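Assemble the whole structure, with the sequences as input and the hints as a guide.
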Amino acid sequence: MGKPTDLVQGTLDLLILKTLALEPMHGWAISHRIRAVSKEVLQVNQGALYPALHRLEQNGWIKAEWGESENNRKAKYYSLTRAGRKYMEKEEANWERLSAAIGLVLKIN
Amino acid sequence: MRWIDKLRMGVRTLLRRKAEERELDAELRFHLEHQVAQNLAAGMTPSEARRAALIDFGGVEQMKEDCRDMRKANWIEDLLQDLRYAARMLASSTGFTAVAVLTLALGIGANTAIFSVVDAVLLKPLPFRQPENVVALWETETAPGSFPLNGMDYLDWREHNKTFESMSLYSWPNSANVSANDTSEGAVIVRTQANFFSQLGVQAQTGRTFAEGEDQNGGSHVVILSDGFWKKQFGARQDIVGGTLRLNGEPYTVIGVMPVWYRMQATANLWIPLDMAKDKLGSRGNHQWRAIGRVKNGVTIAQARADLHAIAQGLEKQYPGNNKNVDAIVKPMKEDLIGDFQSQVLILFGAVALVLLIACANVANLLLARSTSRRREIAVRNALGAGRGRLVRQMLTESILLSLVGGLLGVVIAYLGATILRSVLPATIPQPNPITVGVLPLLFTLLVSLFVGVLFGFAPAMQSSAVDSTEALKPKGMAGDNASKRGQWLRDVLVVSEIALSLALLIGAGLLLRTFANLRATDTGVRGDGVLTASVLLPAKKYQTFEHGRSFYLQLLDKLQTSPGIQAAAITTKLPMRGGNNGYIKIPGQQEEEMTGPLVENTSVRGDYFKAFRIPLLAGREFQADDHELTTKCLREYLAAKTEPERTAVGKKYVLPAIINQTMARSFWSKQDAVGKVFESFVLFRVIGVVGDVKQQELRSAAMPEAYYPLEWDLTSPNSPYAIVVQGAGTGEALTGTIRGAVRSLDDGLAVIGVRTMPQIIAESMLDTQYEAVLLGTMAVLALILAAVGTYGVMSYIVGRRTNEIGIRMALGAARPRIVGMVLRQAGALVLTGIVVGLLGAAAGARLMQGLLVGVKPVDPLTYGSVAGLLAGVALLACFLPVRRAMRVDPMVALRYE
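As given, the protein sequences belong to chains C and S, one line each in that order.
The working numbering puts the first residue of the first sequence at 1, with every later residue one more than the last.
The working numbering puts the first residue of the second sequence at 1, with every later residue one more than the last.
For the record, the hints were derived by calculation from the structure and aren't laboratory data.
Heads up, some of the hints might be wrong.
Simulated DEER-style distance windows between Cβ atoms [to be verified]:
| no. | chain 1 | residue 1 | chain 2 | residue 2 | range |
| --- | --- | --- | --- | --- | --- |
| 1 | C | 96 | S | 62 | 28 to 38 Å |
| 2 | C | 79 | S | 17 | 20 to 30 Å |
| 3 | C | 79 | S | 38 | 18 to 28 Å |
| 4 | C | 103 | S | 47 | 45 to 55 Å |
| 5 | C | 24 | S | 59 | 24 to 34 Å |
| 6 | S | 462 | C | 36 | 51 to 61 Å |
| 7 | C | 105 | S | 17 | 45 to 55 Å |
Since the structure is predicted, the reported quantities are computational estimates derived from the model, not experimental observations.
Cβ coordinates follow ideal geometry from the N, Cα and C atoms, glycine included.
So, in structure tokens, the structure goes:
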């Protein structure tokens, strides 16, 4: 993934929010989780991940707290806010509609 | 996200910039180390692991910058940036900023000052304990209106009501002789029931107010001073409490000084306890008191009214003679104090708001003119990516900053204005609270500043942000004029509204000026030139009886009449323009009931009263020596009588002489000759003469019926104030000296008080109108100046843009008058439109001030015409100056002009 364009940015946001819906995580774990869950298909570039996290925080969809990591280091943990969960559900529905529509178009041939 | 979260995040980002930076560092380092650790676990060497992680990670600084960008979409930071930029812009063009700030400061300052009056008079609660429970008590009589209270009725109300916590009786202000140390002075005194101040919940600033029981047993000899009297007479001496002063010769102990803000009886200098003995409150039918009450908590005014109404109805049955149609009036205290002053304050407030609107139009014009010179700057910003919204926001920030600075300076002006208002507002204007620029006026200033910032900034911002970058960035001379053409209609609208608004204000002021002139020209019924009046008050200790009083005043009159330089002298109970002592009369054979018909003003005179004031005798004759003798004889017999029947018999025996005014003759005897007719007012009187009407109350109201009696009729209680009237050729000082000399030669302990020339007395009765005209006139002149400056600015601009064209025309040989005509036609259309709109607006608005006008209709052609002419003249002058300047320019220079 290169520099986020609008479409990609919206997608990345959704991926991050969805990942954080499970549990609070730090940045590295988020990128790792997305890569693992997508079976290495989606590789989240750090250069896109961190600005996205900061933007999501600025918008109030996620919030950050400093906590202890698994190897006893201080790490910045992000978690979903209520507003974030609402936004995520809305975006998820949008995404499903969109991908279903694209699927329909692709099936024609 | 809720706005509060947004605010919190914004502030956090601003305040925690350093911490954020550290956190970002730590966060990214954590990621990197985590990756390194994983690479190590995957079997890489430490250096390989580090290198791989860094490559994977990408450019750290670039990423940091991206993260910062995400946070920078921060409106607070934008605002601060805009403010810094705006401050730089304003500081760089000092001339523009100074003019704009000064204009706004004047407008906002004047508004704040007048708003502080609104605040003090209409908004603030009265400065009493639980002010909503305090009411004023009055009575009705057969005639409509509020009448003073009868003492006996008051006692019954107080005893039988169920809705009042307490009531308190007090007197009208009265004159008294006050001597402290060696000097004797006149002072205004109010007597109150002892609970008066405690019922209001007002405390003395020094000492105490009256204690319970001080109004019993004749009333304690204690006195409370007003703040003004204390400062003027005693130099604000702290040890005054406990000191003694003599009131009409009797010693009184000073117990306290009222606070400076206490303005309930604004004219009073002193308060003493009212003697609450039943026989001192006057008989039933005698209405002479005022009262306030405090209703119980939770009782409404309507309930209190119903309660007293029931009692009044009972009294009406019990005393059908005196209490017929007498009902109780319960008024909220604020309404009673402020009365119709409310509409005057609101008119002032409206007027000053118009001034601010004109100021806004001026500043908007300045901004428009400036935006032309900023077109390049705006185009550059636009080309560099600033959207229109962002540009508008930037320019609004500038205008709001401008108005806030103006508002700040306006506060200073408002403080000055409030100080001036405090000193010039006459005591007749109720000021229950002192006029101060307090919290509410300051808040008002802030809101008004923000509001006007948007008001005058919005249109220019919208107009100038709509730039076409390619057009604006072309070199000068090549650029088209599209943008400024679009701005022209806005300028036109502004000029038209400025002219219209100032025209409306000028008309309002003009109408008040005409009212004032009409009042001045009103025939008072007397000629006041060369007339001087003063009063004396005989102390009860030395002058107890009718005989004492009679001999003093007869001697005084004699001395005055024989003094050099005096052409006429008289003693009277009441002066022209001073009314209030009135009652009903009964006409034998015409009316059954005494308490009906118009009220008649009662005045007693001796000497050349009618000659001194040059009141014409229309029929019959004036009083002669034997009229006074007869009255004296009657009163001596009456006072000697021991029993009520004897007194009644004396009353029946005499028919005393009286002179009446024209209105009274007309009201009671229609067109018949009134001379020789008889009427009853305690005893029978026969009309011996009819004189011209004299105004008793305000100049704007018509004369009431008035009867004049021989002075002796009113000398039974010689300790009330009597007025001395002298008319002569000398100066005021000389006449005053004559009066003082005559009084001192009879009794050197007496003070001559209330020295006034008759023109002064008339002027005092016009104070209200005078101050209204002055205040509104000041605003109108301010508006006129602002409008002239605004019109001048716009015309300069228009002509300036046409300098080039004018140069070509002149070079081609156009005659000067043609060019002047061409430009003035353009300006004239604007001025004319403004005048028409202003005239229509004024005609609509002036109806609101109908109540303030005397002898002039709200739509007065003379006022409207002359004001419109004045304004047209000023506006055309403002147009002409730039035109003349343009024509003086050398055509060669004008052609190169851009």
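Structure-based check of each hint:
no.	hint	verdict
1	96(C) x 62(S): 28 to 38 Å	holds, 34 Å
2	79(C) x 17(S): 20 to 30 Å	holds, 24 Å
3	79(C) x 38(S): 18 to 28 Å	holds, 23 Å
4	103(C) x 47(S): 45 to 55 Å	holds, 47 Å
5	24(C) x 59(S): 24 to 34 Å	holds, 28 Å
6	462(S) x 36(C): 51 to 61 Å	holds, 54 Å
7	105(C) x 17(S): 45 to 55 Å	holds, 48 Å
Of the numbered hints given earlier, the model fails none.
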